[in-house]
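S.K.: This is what each chain is made of:
2 protein chains.
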Amino acid sequence: MGKTEWKGGTLEGPLPPVMVTCGDMEHADIVTVAWTGIVCTQPPMTYISLRPSRYSYGIIKERGEFVINLTPANLVRAADWCGNHTGRKVDKFKACHLSKIAASHMDVPLIEESPLALECVVKEIIHLGSHDMFLSEIVGVDVDDSLITPEGRLSISRAHLAAFAHGEYFEIGRRIGKFGFSVRKKQNQNKDQKH
Amino acid sequence: MGKTEWKGGTLEGPLPPVMVTCGDMEHADIVTVAWTGIVCTQPPMTYISLRPSRYSYGIIKERGEFVINLTPANLVRAADWCGNHTGRKVDKFKACHLSKIAASHMDVPLIEESPLALECVVKEIIHLGSHDMFLSEIVGVDVDDSLITPEGRLSISRAHLAAFAHGEYFEIGRRIGKFGFSVRKKQNQNKDQKH
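Those protein sequence lines, which keep their order, are chains A and B.
Oh and the first sequence: position 122 is 122 in my numbering, straight run, nothing missing.
Oh and the second sequence: position 115 is 115 in my numbering, straight run, nothing missing.
Treat the hints with care, since some could be wrong.
Identical copies go unnamed one by one, so any copy, or any two together, can satisfy a pair.
[Claimed, not checked] Below are the DSS-like pairs computed for lysine-lysine, each with C-alpha atoms no more than 27 Å apart in a straight line:
{"hint": "1", "residue 1": "Lys-61", "residue 2": "Lys-123"}
{"hint": "2", "residue 1": "Lys-185", "residue 2": "Lys-61"}
{"hint": "3", "residue 1": "Lys-7", "residue 2": "Lys-89"}
{"hint": "4", "residue 1": "Lys-100", "residue 2": "Lys-185"}
{"hint": "5", "residue 1": "Lys-123", "residue 2": "Lys-178"}
{"hint": "6", "residue 1": "Lys-61", "residue 2": "Lys-100"}
{"hint": "7", "residue 1": "Lys-94", "residue 2": "Lys-185"}
{"hint": "8", "residue 1": "Lys-100", "residue 2": "Lys-89"}
Read the hints as simulated data drawn from the structure, not as lab findings.
Excised from the complex, chain A in its bound form (with noise of 0.2 Å):
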């Protein structure tokens, strides 16, 4: 088998298709994007790039904060809903039956019913092209209490995460390993392997 060239396009994957949510309690939206990542690990940094037409670009820009809720497979559904249509017109925490509650150090609600979010102040706004770069720091996590194991650490297993690749949501499925499996002495190895 051999390859054949592409022109360059957006074939990176797989990647957190996260339903942002801005704005206040009162008056939030939330929008669904996949072009985001993590950027720096010590400060805790990531980015959200958005095209400037889209509702909740002028509420982060105007606030400087939003959070990003992970998405289970359960809510893939709703976040694909979420990222085809517009704030302008319907409040999508009521369109889709999600629950808002509060952040930790934000007036931004967070969504309820997502296993784990994000809280994120923005930094720097980055013009690229289609879309801008909304370079953040996470200030803070909250983490839902049903993915915390009896020894008080994060299962994210339990998150039941969707991925998100060229323009298809997948489940995440079988566990491979942990970082550094393949180094490890054997005995680990095989106690990896088995869950």
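Given chain A's structure and the hints, the job is docking chain B onto it.
M.R.: Then chain B, alone, in the frame of chain A:
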């Protein structure tokens, strides 16, 4: 169930654990990163964030180009190994039995065993803290012929991509639907859900 508030952290996911190649056909290195994503659709742009201490950091900074090789589930062990060794001491292509093939737009090898590769030209390096972000344009994409359907379309499911979340690697599982499935007519929705 309630929520527990944690301090800010890099808890976004799933992210792509990609193998980044750099250098030339003779002296090449592979560094694995999950701090990557799409930042702009037009022009197609991506980034990788690297610690300045990484061997590949200097190579990419000097040459201004690199390739993002997506990681299928069967290459996760190699990807993890490349993320836990330094190219200062070892030839990772040889050590992992990976094959170099020429890129189309630059003198950087692709990993032949990777089903999808993005050829990237660095536009700007942004200092953030522990990591520097290499903001880059995707100038070409190399698609393994095994991903292309008889109709000439790219089937991302055939790539069997791996995902990374909170320090663990996962397989991509069941397909949930296509972008827009929540707003399409019933007929198409059912068709989608069957696949």
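S.K.: Can you give me the call for Lys-123 and Lys-178, within, between, both or neither, at a CA distance of at most 27 Å?
M.R.: The answer is neither: 32 Å in one copy and 33 Å across copies each exceed 27 Å.
S.K.: Up to 27 Å between alpha-carbons, please classify Lys-185 paired with Lys-61: within, between, both or neither.
M.R.: neither (49 Å within a copy, 35 Å between copies)
S.K.: Classify it for me, Lys-94 with Lys-185: is the Cα-Cα distance of at most 27 Å met within a copy, between copies, both or neither?
M.R.: Classified as between; 22 Å across copies, 51 Å inside a copy.
S.K.: When no copy is named, should Lys-61 and Lys-123 be tagged within, between, both, or neither for a Cα gap of at most 27 Å?
M.R.: This pair counts as both: shortest intra-copy Cα distance 10 Å, inter-copy 24 Å.
S.K.: Given identical chains, is Lys-100 near Lys-185, meaning Cα to Cα at most 27 Å, within a copy, between copies, both, or neither?
M.R.: Cα proximity of Lys-100 and Lys-185: none, with 46 Å in one copy and 29 Å across.
S.K.: Should Lys-100 paired with Lys-89 be assigned to within, between, both, or neither, using CA atoms and 27 Å as the limit?
M.R.: Only inside one copy: Lys-100 and Lys-89 sit 19 Å apart there, 52 Å across copies, limit 27 Å.
S.K.: With identical chains, the pair Lys-7 and Lys-89 could be close in the same copy or across copies; at 27 Å between alpha carbons, which is it: within, between, both, or neither?
M.R.: neither (37 Å within a copy, 35 Å between copies)
S.K.: What label fits Lys-61 with Lys-100 when the C-alpha limit is 27 Å: within, between, both, or neither?
M.R.: within (21 Å within a copy, 44 Å between copies)
Of the numbered hints listed earlier, those contradicted by the structure are 2, 3, 4, 5.
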